[in-house]
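Engineer: One-letter residues, chain by chain:
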Amino acid sequence: MRKNYDRSLKSLQDEVLVMGSMVEKSVLRSVEALKNRDLDLANQIIAGDQDINQKRFDIEEQCVELIATQQPMAVDLRVIVAILNILVDLERIGDHAEGIAKITVMIGNEPPVKPLIDLPRMAERTAQMLRDSMDSFIRRDVELAKRVCDDDEEVDNLYNQVFRELLLIMAEDPKTIGRATRLIWVAHNLERSADRITNICERVAFVATGHMEDIGASKY
Amino acid sequence: MNMNSIFKSSTDDNSRQADSGNASSKLRMQHMNLYYGSFHAVKDITLQVNTSSITAIIGPSGCGKSSMLRVFNRMNDLIPGASVDGLVEFDGINIYEPGVDVVELRKRIGMVFQKPNPFPMSIYDNVAFGPRRHGIRNRRALDEIVEKSLMQAALWDEVKDKLGQSGLSISGGQQQRLCIARVLAVEPEVILMDEPCSALDPIATLKIEDLMRTLSETYTIVIVTHNMQQAARVSDMTAFLMVDDGHSGVLVEYGPTSEVFTNPRDKRTEDYITGRFG
Ligand SMILES: Nc1ncnc2c1ncn2[C@@H]1O[C@H](COP(=O)(O)OP(=O)(O)O)[C@@H](O)[C@H]1O
Ligand SMILES: [Mg+2]
Numbered sequence: 002m003r004k005n006y007d008r009s010l011k012s013l014q015d016e017v018l019v020m021g022s023m024v025e026k027s028v029l030r031s032v033e034a035l036k037n038r039d040l041d042l043a044n045q046i047i048a049g050d051q052d053i054n055q056k057r058f059d060i061e062e063q064c065v066e067l068i069a070t071q072q073p074m075a076v077d078l079r080v081i082v083a084i085l086n087i088l089v090d091l092e093r094i095g096d097h098a099e100g101i102a103k104i105t106v107m108i109g110n111e112p113p114v115k116p117l118i119d120l121p122r123m124a125e126r127t128a129q130m131l132r133d134s135m136d137s138f139i140r141r142d143v144e145l146a147k148r149v150c151d152d153d154e155e156v157d158n159l160y161n162q163v164f165r166e167l168l169l170i171m172a173e174d175p176k177t178i179g180r181a182t183r184l185i186w187v188a189h190n191l192e193r194s195a196d197r198i199t200n201i202c203e204r205v206a207f208v209a210t211g212h213m214e215d216i217g218a219s220k221y
Numbered sequence: 043m044n045m046n047s048i049f050k051s052s053t054d055d056n057s058r059q060a061d062s063g064n065a066s067s068k069l070r071m072q073h074m075n076l077y078y079g080s081f082h083a084v085k086d087i088t089l090q091v092n093t094s095s096i097t098a099i100i101g102p103s104g105c106g107k108s109s110m111l112r113v114f115n116r117m118n119d120l121i122p123g124a125s126v127d128g129l130v131e132f133d134g135i136n137i138y139e140p141g142v143d144v145v146e147l148r149k150r151i152g153m154v155f156q157k158p159n160p161f162p163m164s165i166y167d168n169v170a171f172g173p174r175r176h177g178i179r180n181r182r183a184l185d186e187i188v189e190k191s192l193m194q195a196a197l198w199d200e201v202k203d204k205l206g207q208s209g210l211s212i213s214g215g216q217q218q219r220l221c222i223a224r225v226l227a228v229e230p231e232v233i234l235m236d237e238p239c240s241a242l243d244p245i246a247t248l249k250i251e252d253l254m255r256t257l258s259e260t261y262t263i264v265i266v267t268h269n270m271q272q273a274a275r276v277s278d279m280t281a282f283l284m285v286d287d288g289h290s291g292v293l294v295e296y297g298p299t300s301e302v303f304t305n306p307r308d309k310r311t312e313d314y315i316t317g318r319f320g
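Same order as they appear, the protein sequences are chains A and B.
The letter at position 34 of the first sequence is residue 35 when you use the numbering used here, and the numbering goes up by one with no holes.
The letter at position 95 of the second sequence is residue 137 when you use the numbering used here, and the numbering goes up by one with no holes.
These aren't lab readings, by the way, just hints derived from the structure by calculation.
Heads up, some of the hints might be wrong.
In silico DSSO-like links for lysine-lysine, alpha-carbon gap of 27 Å or less [as the list claims (entries may be wrong)]:
hint : chain 1 : residue 1 : chain 2 : residue 2
1    : B       : 157       : A       : 11
2    : B       : 149       : B       : 50
3    : B       : 202       : B       : 157
4    : B       : 149       : B       : 249
5    : A       : 147       : B       : 309
6    : A       : 176       : A       : 36
7    : B       : 149       : B       : 190
8    : B       : 204       : B       : 190
9    : B       : 309       : A       : 4
Partial list, derived from the structure: chain B residues whose beta carbon lies under 8 Å from chain A [what the hints assert, rightly or not]:
hint : residue
10   : 303
11   : 304
12   : 315
13   : 318
What the simulated footprint calls covered on chain A by chain B, stretch by stretch (three residues with Cβ under 8 Å from a Cβ of chain B suffice, anywhere in the stretch; the number is not a length) [to be verified]:
hint : region
14   : 62–74
15   : 123–136
Even glycine gets a Cβ: it sits at the ideal position worked out from N, Cα and C.
Next comes chain A alone, as it looks inside the complex:
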């Protein structure tokens, strides 16, 4: 029964995975570019955000078409509604990565205020959360989704740590204020990205259970 319809639904979810991995790469590379002062890579990320936006519109269009032509019901409907929401979160995470790349370009060749250790760690945690959230979506794994939300705390803690450290640096040497503030923006972008991922996890729970619930309220 409904083989073509099932195929469309499956390909829709595959497309979300593709977009998820595009965004994940963008997050990791944005911090890599920052760390290595790689302006080419930063510019690539900024340009690449267009592709992510385009992907979002393509998938959204497919969702609308499925709704209009196939009248999806029950879990199928929940999957599509979840995807429409997940797309927004993914796109915004992509924007945060683009933001980091823009900051990197802005920083250019200014001398570093500190060695970058916690920011790459935040980026890695965030990327891992994103991967897991995509996994939980495909597998309808609410337990995994909940664990991802728990991981958000780790990112929040790293954010705190980076923030305090940079405050100290600025207090000690006001000449660093401009540069340190930019790094705070970077940390903030990563922290917001992780929050977005917890939204995705809530959609996973919705698909699986039919209920909207706040499974991972962030401290920030």
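Once you have looked at the hints, place chain B with the ligands on chain A.
Structural biologist: Only chain B with the ligands this time, still in chain A's reference frame:
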């Protein structure tokens, strides 16, 4: 209120009303079974139909939707060999109790069928048919009833200039609305509809659906439909029926339409409404 008048002799029934559970429940079945001879067609149905709401009965063909619908106004009495047990209540009164006036019951609980079936007489006479049968002869009174009923059925504007024409001369969609007007003319409380749109084109179908929504402010409507989208569009509550291993129709799930169509509790409902059944 004239609640007791479905009894041929209205004697001892006030007490029964008092203990009739939920005040907003218009119809109620409890462990209702329907047999055609030895064939157990519908099995152990328990549900309540709320006042001023639309309840849809959906399910694969042959699962007993029409049979179940006919139980509500004892239309199965007309089928030789058909028998019903369990409790079936209308306004808290057991309609299968001896002494129930079936003619009065069917006036209170009207029915619209799959194929529009206007009588071979004028549009006016179609609508006036029921009231006349119930003893109304006064022309002015009849005029009023005919106009009001056709208005309620959203047909008045289309036929007001040709009330003398045959009921069979109008389009299928108009004929179905005429049949609804005919039911409304006897001032029922409940309207049972058995796939009322299956012979109609999509536009006529949407008109009837819209009409149903309007009517549900005043009437309690139970509709059988094989069209799930229609159930999703018009109803407040949805009952999903399916046959069990013994080919008897059973109630698989009953709940608010919004829930049944977004998050059904039973896997069989899920499979049916997502089109993965069978
Ligand atoms: N008058 C009848 N006499 C004997 N069997 C009947 C009669 N009407 C329906 N049935 C049987 O009862 C079952 C349910 O039929 P029905 O209520 O018409 O289902 P639905 O409306 O869901 O298609 C079917 O197996 C059908 O063959
Ligand atoms: Mg039927």
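Engineer: For each hint, tell me whether it holds in the structure or not.
Structural biologist: Evaluated hints:
As the CA atoms of residue 157 (chain B) and residue 11 (chain A) are separated by approximately 40 Å, the hinted pair breaks the 27 Å bound. This hinted pair checks out: residue 149 (chain B) and residue 50 (chain B) have alpha carbons roughly 14 Å apart, not beyond 27 Å. Note on residue 202 (chain B) and residue 157 (chain B): the hinted pairing holds, with a Cα-Cα distance of about 23 Å set against a maximum of 27 Å. Annotation: proposed proximity of residue 149 (chain B) to residue 249 (chain B) holds, straight-line Cα distance about 25 Å (limit 27 Å).
For the given pair, residue 147 (chain A) sits about 25 Å from residue 309 (chain B) by alpha-carbon distance, which is consistent with the 27 Å threshold. Restraint check: the Cα-Cα separation between residue 176 (chain A) and residue 36 (chain A) comes to about 21 Å, which is no more than 27 Å; the hinted pair holds. Under the criterion of a C-alpha separation no larger than 27 Å, the hint pairing residue 149 (chain B) with residue 190 (chain B) is consistent with the structure, at around 17 Å. Only pairs whose Cα atoms come within 27 Å are accepted, and residue 204 (chain B) paired with residue 190 (chain B) is accepted, the gap being roughly 16 Å.
Note on residue 309 (chain B) and residue 4 (chain A): the hinted pairing holds, with a Cα-Cα distance of about 19 Å set against a maximum of 27 Å. Restraint check, residue 303 (chain B) versus chain A: the minimum CB separation of about 5 Å is within 8 Å; hint holds. With 8 Å as the threshold, the beta carbon of residue 304 (chain B) comes within range of chain A, its nearest partner Cβ sitting at about 6 Å, so the hint holds. Annotation: interface hint on residue 315 (chain B) holds; nearest CB of chain A at approximately 4 Å, less than 8 Å.
Interface restraint check for residue 318 (chain B): the shortest CB-CB distance to chain A comes to about 5 Å, inside 8 Å, so the restraint holds. Only when three residues or more bring their CB closer than 8 Å to a CB of chain B does the claim for the region 62–74 of chain A stand; here the count is 3, and the claim holds. Under the rule that three or more residues need a Cβ within less than 8 Å of chain B, the assignment of the region 123–136 of chain A is violated, with 0 such residues.
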